[in-house]
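Trainee: Protein sequence lines, in the order shown, are assigned to chains U and D. Counting in the working numbering, the first sequence runs from 1 upward without gaps. Counting in the working numbering, the second sequence runs from 1 upward without gaps.
I should point out that these hints are in silico values taken from the structure, not numbers from a laboratory. Heads up, a few of these hints could be off.
What the hints assert, rightly or not - Label-pair restraints from in silico Cβ distances:
1) Ile180(D) <-> Val101(U): 24 to 30 Å
2) Ile220(D) <-> Asn14(U): 42 to 48 Å
3) Lys174(U) <-> Ser191(D): 46 to 52 Å
4) Tyr8(D) <-> Lys124(U): 44 to 50 Å
5) Asp139(D) <-> Gly160(U): 47 to 53 Å
6) Arg69(U) <-> Leu23(D): 18 to 24 Å
7) Asn184(D) <-> Pro182(U): 47 to 53 Å
8) Val92(U) <-> Ile84(D): 29 to 35 Å
9) Arg57(D) <-> Pro182(U): 26 to 32 Å
10) Leu163(U) <-> Pro98(D): 53 to 59 Å
11) Val101(U) <-> His195(D): 20 to 26 Å
12) Leu163(U) <-> Ile180(D): 24 to 30 Å
13) Asn15(U) <-> Gln4(D): 52 to 58 Å
14) Arg69(U) <-> Asn59(D): 51 to 57 Å
What the hints assert, rightly or not - What the simulated footprint calls covered on chain D by chain U, stretch by stretch (three residues with Cβ under 8 Å from a Cβ of chain U suffice, anywhere in the stretch; the number is not a length):
15) 2-9
16) 12-20
17) 25-34
Computed from a predicted model, the values in this text were never measured in an experiment. For glycine and all other residues, C-beta sits at the position ideal for the given N, C-alpha and C.
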Amino acid sequence: MASKNLKLLINPLNNENPITVQVLGICSALAVTVQVKPALIMALSVTVVTGFSNLIIASLRNTIPPRIRIIVQLVVIAALVIIVDQLLKAYVYDVSKKLSVFVGLIITNCILMGRLEAFAMANKPWESFLDGIGNGFGYGMILVVVSVLRELFGSGSLLGFQLIPQSFYEAGYKDNGMMILPPMALITVGIIIWIQRTKNRKLIEK
Amino acid sequence: MNVQSNSYTFVYSSIIVVVVATLLALAATALKPAQDRNVEIEKKQNILSSARITASRENVQKLYDQYITDSYTINSKGEKIEGIDPFEINLREELKKPQDQRNLPVFECTLDDSLLLVIPVYGKGLWGPIWGYVSLVRDKKTPSDSASFIPYKKIYGAIFDHKGETPGLGAEINQAFFQIPFRNKVIFDGSGRFHSIKVVKGGAGLSSLNEVDGISGGTITSKGVQAMLDTCLVSYQTYFKSSNK
């Protein structure tokens, strides 16, 4: 893979991370990160939708009438999201119940429109596809990190498996109920941003 | 071609709409059987779990066949109606009809030493529909019982679920701490009159036979559960009193 293309995939993981740098898609990051499993499925769903909506819009970019381009973008996103939602309902029913409205709300996830407008409308299909996948991964990575912390400290488990041994609880350890509530997701994301900017100083605005 | 022109825009949007609509219709039709199967499995799990039987996705069919020994449809007079599959009844539609025209589903569950009736319930919460299943256990008649003996008056188990109640508040109706207190509550008073379970604020007495604790901060959903039990169970009262099975 050409290094330019590789950059499209790698950059959103750190320097152009949609959540911690572009601050897009925060709302769903707060809502679906109580447990790791819904977060993983959500990350995967968003990655599929960003990848393919970027691919489709980039292939159509020269034919789309400029006056209705936003509508066309939304139609493509909405169609993909509905297909993903239907697939989840058919094959991972319990997870689809947990994600409930948030799958539908992928449609309004700012990452999608943001990438379509900023990248896919001006680049070739393959590059756009990579950009979409990269941004999906960048989003998913943060989701998974946040959900691991929240499930571990909030419920003492990961992916539903009890990790903190029973003897800890008997010795007086308690799960932190705060971690389950949305504010802690915001604080966790804040801490991640802080750590990232300490390591990567060029992200700090002057 | 001029991508700015009006006619181009119209033709373009028409094509997009037709293509997308076809794709979505295809996806919906192709995935419908798998989705229906999930709904069926969930319904069977709920029916079993109201009878305090926990079933996984894998063994639900086996347990359902084992414990649910009969299912039928009745009307509000307690008479059986032939030809309507109780599993397929849409409770929401039935509740819109006048009480004496409703088709009421009943599932019979046979445990080791007792017979249960599982009754589906459906109602309104704060943000959307709530529903559940209530199982009633058959009382054993003793010689001291009078003529006003009511075979099905005691709740054996209850489960509830919701579509979009507030997490942490109304949504807690699907948690065990809310559902377990419904066990052993009684839906007829001493003189044989129907009275539903009350979901009360500020602590139901432990000895109370027809009150359970509501959820703090989830008052409207709690009241919804109370109203749901009332409107759904009242249609069955003749059957609960008269069933001699």
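Trainee: All the hints need checking, so say for each whether the structure fits it.
Mentor: So, going through the hints one by one against the coordinates:
1. Ile180(D) <-> Val101(U): 24 to 30 Å: Once the Cβ atoms are compared, 29 Å apart, the range 24 to 30 Å for Val101(U) and Ile180(D) holds.
2. Ile220(D) <-> Asn14(U): 42 to 48 Å: Since Ile220(D) and Asn14(U) have Cβ atoms about 46 Å apart, the given range 42 to 48 Å holds.
3. Lys174(U) <-> Ser191(D): 46 to 52 Å: With Cβ atoms ~49 Å apart, the hint holds.
4. Tyr8(D) <-> Lys124(U): 44 to 50 Å: Taking Cβ atoms as reference, Tyr8(D) and Lys124(U) lie about 23 Å apart, which means the hint is violated.
5. Asp139(D) <-> Gly160(U): 47 to 53 Å: violated, 40 Å
6. Arg69(U) <-> Leu23(D): 18 to 24 Å: holds, 20 Å
7. Asn184(D) <-> Pro182(U): 47 to 53 Å: The hint (47 to 53 Å, Cβ to Cβ) is violated, given that Asn184(D) and Pro182(U) are roughly 37 Å apart.
8. Val92(U) <-> Ile84(D): 29 to 35 Å: For Ile84(D) against Val92(U), whose Cβ atoms are near 33 Å apart, the range 29 to 35 Å holds.
9. Arg57(D) <-> Pro182(U): 26 to 32 Å: holds, 30 Å
10. Leu163(U) <-> Pro98(D): 53 to 59 Å: holds, 55 Å
11. Val101(U) <-> His195(D): 20 to 26 Å: Because 37 Å falls outside the window, the suggested range is violated.
12. Leu163(U) <-> Ile180(D): 24 to 30 Å: Check passed, 27 Å falls within 24 to 30 Å.
13. Asn15(U) <-> Gln4(D): 52 to 58 Å: Given about 37 Å between the Cβ atoms, the range is violated.
14. Arg69(U) <-> Asn59(D): 51 to 57 Å: holds, 52 Å
15. 2-9: Contact hint for the stretch 2-9 of chain D vs chain U: holds, 4 residues under 8 Å.
16. 12-20: Holds, because 5 residues of the stretch 12-20 of chain D bring their Cβ atoms closer than 8 Å to Cβ atoms of chain U.
17. 25-34: With 4 residues in contact (Cβ-Cβ under 8 Å with chain U), the coverage given for the stretch 25-34 of chain D holds.
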